[in-house]
Amino acid sequence: MAKTNIEKDHGLDVRMFITGLALVLLYAIIVTLLLRFGVSFVFVIVIGAGLLFSQYYFSDKIAMFSMHAHEVTPAEEPRLHQIVDRLCLLGNVPKPRVGVAEMDMPNAFATGRSPSHAVICATRGIMTRLNDEELEAVLAHELSHVAHRDVAIMTIASGVGMLAGLVGRIAMWGAMFSGGGNNRDGEQMVLLEIATWLISIVIYVIAYLLTMALSRYRELAADRSGAILIGKPSVLASALVHITGDIGKIPRTDLRKSEGMNAFFFAPALASGTAASLFSTHPSLEKRLDQLKKLEIELNG
Amino acid sequence: MGLRDALFGRTKPAAPKLDNLFALPTAALTLQSQLDLVTSGEAGLCFKAGSGESSITSDEDLTQLLDFDESGGKVSFTTDDLGFKWLLIHDPDLGNLVTRIHGANTSMVEHGLGERLLCAVFGFVPATPPGEGSVRMVYLLKQGTFYPFAPTGKDQRDNELELRVQSFLGSDLPMEKDLSRWMALWNLPVN
Chain S
0 MAKTNIEKDH GLDVRMFITG LALVLLYAII VTLLLRFGVS FVFVIVIGAG
50 LLFSQYYFSD KIAMFSMHAH EVTPAEEPRL HQIVDRLCLL GNVPKPRVGV
100 AEMDMPNAFA TGRSPSHAVI CATRGIMTRL NDEELEAVLA HELSHVAHRD
150 VAIMTIASGV GMLAGLVGRI AMWGAMFSGG GNNRDGEQMV LLEIATWLIS
200 IVIYVIAYLL TMALSRYREL AADRSGAILI GKPSVLASAL VHITGDIGKI
250 PRTDLRKSEG MNAFFFAPAL ASGTAASLFS THPSLEKRLD QLKKLEIELN
300 G
Chain E
0 MGLRDALFGR TKPAAPKLDN LFALPTAALT LQSQLDLVTS GEAGLCFKAG
50 SGESSITSDE DLTQLLDFDE SGGKVSFTTD DLGFKWLLIH DPDLGNLVTR
100 IHGANTSMVE HGLGERLLCA VFGFVPATPP GEGSVRMVYL LKQGTFYPFA
150 PTGKDQRDNE LELRVQSFLG SDLPMEKDLS RWMALWNLPV N
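Here the protein sequences come in this chain order: S and E. The C-terminal residue of the first sequence carries number 300 in numbering that gives the first Met the number 0, and the numbering is unbroken. The C-terminal residue of the second sequence carries number 190 in numbering that gives the first Met the number 0, and the numbering is unbroken.
If you're looking for bench data, these hints aren't it; they were derived computationally from the structure. As the structure is a prediction and not an experimental result, all values here were calculated from the model. Beta carbons are placed, not taken as given, at the ideal position from N, Cα and C, and that holds for glycine. Be careful, since some hints might not be right.
[Said to hold, decoys possible] Covered, in the sense of this in silico footprint (three residues per stretch, anywhere, with C-beta under 8 Å from a C-beta of chain S), are these stretches of chain E:
#1 158-165
#2 173-184
[Said to hold, decoys possible] List of simulated lysine-lysine pairs, DSSO-like, C-alpha gap at most 27 Å:
#3 S:K256 with E:K16
#4 E:K153 with E:K176
#5 E:K47 with E:K16
#6 S:K248 with E:K16
#7 E:K153 with S:K248
#8 S:K286 with E:K176
#9 E:K47 with S:K248
[Stated by the list, open to error] DEER-style ranges, computed between Cβ atoms:
#10 E:G143 with S:A194: 47 to 55 Å
#11 E:G169 with S:S113: 46 to 54 Å
#12 E:P128 with S:R78: 32 to 40 Å
#13 E:G130 with S:E101: 29 to 37 Å
Bound-form chain S, shown alone:
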C-alpha cells in the first residue's frame, strides 16, 4: 500500500491516553491508601472489583456524560434513527438507544454493558461531514462493538491488569517483611518502599499498554464486521479518511461564531503544539485501510 501522509488525531489520542492513565492512577492511589490504613488485601480487591463493576455497569451513562451527549428521538434525528434501524434489521441485533453529542469533532462511539443496554452515539461533526452511506458504515462499526460486547471485554482486561499490579505489590511487601527482620534500618525501609512503588507502577504501565493493544485489535475486528455487515468495505474506508487525519481536523465551525474566539482576538497564553502520542487505543489509519482493502477484494473482487 502506498504510504499516505495522513496523520493520527494526536489530540484525541492524548486525551484518551490521559484518561486511561488517570483511571489507573486513581486505582493505584485508592489501593495504596487502603493498604496504608491497614485494610486487608481481600477487602481492597473487593473494592477494586466493585469500582470496575460500576464502571462497567454504568458505562453508557459515564460515556454519554463525558461526551456531553444526549439521547435523541426518531422525530429529532430521523436520518440517524433510520440508518440505525436498517442496520439493526440487517444484523439482527436489538436496536440500541441513539444519542448525539453537539461537538464539531468528528467521532462516534457505542457503549453499554450489554447489547440490550447499549447506546450508540454520533457527534454533530461526523453527521455533517459524512454522506448517508459513510455514516452508515461508521454506525455499522459501532454496532459491531456492541455485538462483540467490547465494553465487557475491555473491563475484564483492565481488571486483570490492575490485579497484576496488585499481586506485584503484595509480593514485594512479602519480600520486605520476611527475611531481614529487625536488622533493617529506616533508610533501607524507605528504599524498599520506593522500589515497591516503582515496580507496581511498571506493572501498571505494562498492563495498560497490553490493554491498549487489545483495544486496537477490537477496533480492527469491529471494522471487519461492520464492513461485512454493509457489504462495502470501501465505504467504511472513505468514511475513515474523511474523519481521521488532516481532513478530520479542518473545522466546520464558523470563524466568527467559534467558541474559541478568544484565540483569535487574544494571543494564546501557550502555543498549541502537537504532543507526540505513544499510546493509542486505535490502530493506525494505514492498518485499517489496508485491512478494508483486502476485505473489499474478498467480498467484491
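Once you've looked at the hints, dock chain E against the given chain S.
Same frame as chain S, but now just chain E:
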C-alpha cells in the same frame, strides 16, 4: 507570554501582523500555474463592529477613517448576518487589492482598532470555469498566517481542494499549520 501567564490565566490583546500579506501576489502565481486559479477581483476585511465607539459605526465615518480615495476601484461596506462588518474592495489587480487591504489595516491599527480585526479574505476563481471550484484565501491577522477556504454549499467545504492549495503554497506563503484553525466563513460576502 509563557507558562506564568498561562498559570494565572492572563491574556493580552494580540497586535495584528500585517506584513505577511505581501507574500500573497507571489503565491498567486503558483495558484495560477498549479490550480488554474486567478483573483476574482474582490477582497474583504472582516472586523468586529464595536458597541462603544459610536463615532465609527457608520459607513461614512469608516470611509473617512480609512482615508480612501474612490479612484482606485470600488469600496463598500456591509454587515453580515453574524454582526461582523466587512470592508469590500473591488479591483482586478491582486497587487492593488493587497495594498489597499494593508492600508485599511494600518489605519485601523493607527486608530486603535487593531484588536478588532478578524481576518482578510481574497477571492480566487478558476481561470477557465467551471474548473475545480473557487477558493478564498483567508488571512488571520492575529496569527499572520493564511489558509484556504473552499465552500461548496451552505455548510460544506471541499477539504481535498483546500489541502491541495496548502501543499502547493506551503513554500511561498506562511500557511496556518494548525488545521483546527482553518475555520469556516459560511456565507461570506467576498466572492
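Hint-by-hint comparison with the structure:
| no. | hint | result |
| --- | --- | --- |
| 1 | 158-165 | holds (count 4) |
| 2 | 173-184 | holds (count 8) |
| 3 | S:K256 with E:K16 | holds, 22 Å |
| 4 | E:K153 with E:K176 | holds, 25 Å |
| 5 | E:K47 with E:K16 | holds, 17 Å |
| 6 | S:K248 with E:K16 | holds, 25 Å |
| 7 | E:K153 with S:K248 | holds, 19 Å |
| 8 | S:K286 with E:K176 | holds, 26 Å |
| 9 | E:K47 with S:K248 | holds, 26 Å |
| 10 | E:G143 with S:A194: 47 to 55 Å | holds, 52 Å |
| 11 | E:G169 with S:S113: 46 to 54 Å | holds, 50 Å |
| 12 | E:P128 with S:R78: 32 to 40 Å | holds, 33 Å |
| 13 | E:G130 with S:E101: 29 to 37 Å | holds, 36 Å |
Checked against the numbered hints above, the structure violates none of them.
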